[in-house]
Amino acid sequence: MRASVLQAARQITLEERPLPHLDPDQVLVKISAVGICGSDVHYYHEGRIGDFVVESPMILGHESAGVIAAVGAGVDPARIGSRVSIEPQRPTATSRETLEGNYNLDPHMEFYATPPIDGAFAEYAVIQSHFAHDVPDSVSDEAAALIEPLSVGIATARKVGFTAGSRVLIAGAGPIGVIIAQVARAFGALEVIVSDLSQSRREQALRFGATRVLDPREEDVSTLGVDAFVDASGATAAVTSGIRAVRPSGRVVLVGLGTPEMTLPVSVIQNNELIVTGIFRYTNTWPLGIDLVAAGKVDLDGLVTGKYGLAEVETALEASTQESALKTVVYPGR
Numbered sequence: 001m002r003a004s005v006l007q008a009a010r011q012i013t014l015e016e017r018p019l020p021h022l023d024p025d026q027v028l029v030k031i032s033a034v035g036i037c038g039s040d041v042h043y044y045h046e047g048r049i050g051d052f053v054v055e056s057p058m059i060l061g062h063e064s065a066g067v068i069a070a071v072g073a074g075v076d077p078a079r080i081g082s083r084v085s086i087e088p089q090r091p092t093a094t095s096r097e098t099l100e101g102n103y104n105l106d107p108h109m110e111f112y113a114t115p116p117i118d119g120a121f122a123e124y125a126v127i128q129s130h131f132a133h134d135v136p137d138s139v140s141d142e143a144a145a146l147i148e149p150l151s152v153g154i155a156t157a158r159k160v161g162f163t164a165g166s167r168v169l170i171a172g173a174g175p176i177g178v179i180i181a182q183v184a185r186a187f188g189a190l191e192v193i194v195s196d197l198s199q200s201r202r203e204q205a206l207r208f209g210a211t212r213v214l215d216p217r218e219e220d221v222s223t224l225g226v227d228a229f230v231d232a233s234g235a236t237a238a239v240t241s242g243i244r245a246v247r248p249s250g251r252v253v254l255v256g257l258g259t260p261e262m263t264l265p266v267s268v269i270q271n272n273e274l275i276v277t278g279i280f281r282y283t284n285t286w287p288l289g290i291d292l293v294a295a296g297k298v299d300l301d302g303l304v305t306g307k308y309g310l311a312e313v314e315t316a317l318e319a320s321t322q323e324s325a326l327k328t329v330v331y332p333g334r
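At position 47 of the sequence shown the residue is numbered 47 (full-length UniProt numbering), and the sequence of numbers has no breaks.
Hints may contain errors.
Cross-link-like lysine to aspartate or glutamate pairs, in silico, DMTMM-like; alpha carbons within 25 Å at most [said to hold, decoys possible]:
(1) Lys30 - Asp134
(2) Lys297 - Glu203
(3) Lys159 - Glu100
(4) Lys30 - Glu123
(5) Lys159 - Glu261
(6) Lys30 - Glu100
(7) Lys159 - Asp106
(8) Lys30 - Asp76
(9) Lys297 - Asp137
(10) Lys30 - Glu16
(11) Lys307 - Glu318
(12) Lys307 - Glu123
(13) Lys307 - Glu323
(14) Lys307 - Glu100
(15) Lys297 - Glu191
(16) Lys307 - Glu15
(17) Lys307 - Glu203
(18) Lys307 - Asp137
(19) Lys159 - Glu273
(20) Lys159 - Asp299
Hints in this document: simulated from the structure, not taken from any laboratory.
Between the sequences and the hints, there should be enough to build the whole structure, so can you do that?
In structure tokens form, the structure reads like this:
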């Protein structure tokens with residue numbers, strides 16, 4: 001099979017590789033579409049994200065979908081030919097975290113495109129059968145791949161606990177920010193305020209769920225009194241000001257990846273009894289994500305701003321960094 005392989009920072013080659021080994025509980029998926037995530041770009045530019053270092057050739061890409069081409073000995077052969085969205089993680093079955101239902105926190109997790117695990121910028125990939133989720137024909141290949149970032153939005157919404165009439169401030173109008181905005185509306189939020197420094201991104205947010213946008217350099221958010229604040233920017237200034245925007249007993253959910261440490265307004269958190277938490281990937285989100293897309297409550301196809309073939313992965317990665325880009329998609333069959 002053909003695969004786009006990261007050899008080192010800013011060095012990707014197109015290679016022929018053997019098909020991946022298929023365990024009894026796994027399926028082999030012929031990949032139709034792969035979305036580019038900011039983590040892919042970071043590995044490409046820097047060769048690492050924190051403690052995760054690319055020390056040997058690795059295939060990037062974890063937002064993926066395709067068609068089941070073969071199944072392991074323990075999987076029903078009837079699954080062959082099914083269109084699926086891939087949940088790109090392989091937790092161990094016996095860890096404390098998995099047994100408690102938090103398999104995303106399994107310390108022995110194998111996650112697509114996280115060193116040394118290969119991802120999906122290839123013609124084929126393998127995954128456990130129960131993490132290959134069937135999608136209806138009404139869901140496009142692109143949308144099926146983007147169920148992965150949608151799952152981050154769903155996990156965020158569950159942490160926030162949106163109810164009908166909720167008011168939320170979201171910092172960051174990038175792909176995750178606008179996905180969270182859409183999910184918030186789907187969960188019943190009445191007012192979804194999106195903050196971003198970029199005018200073009202603020203305008204995009206209004207197309208994807210935001211009821212109002214603002215420039216944090218020009219508006220003081222501390223008087224908003226929202227039920228929840230979600231940071232999808234990773235910027236320290238956005239986090240500290242966003243915490244001040246939350247009403248007493250409200251919630252703060254940190255999604256964006258910023259500096260490993262930052263100073264927070266602890267007195268505000270204590271005096272207002274705010275609940276501050278984070279998001280690390282997701283658990284049990286795919287069925288709901290597929291339903292939201294199929295029902296037209298979340299638009300993922302509209303987020304696609306660039307399309308590239310497998311030989312164009314480096315170009316696609318650079319294109320995804322443009323301010324006008326939301327989701328760039330790679331098609332391994334091209």
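Quiz prompt | Ascending list of hint numbers which this structure does not respect | solution = 6 and 14
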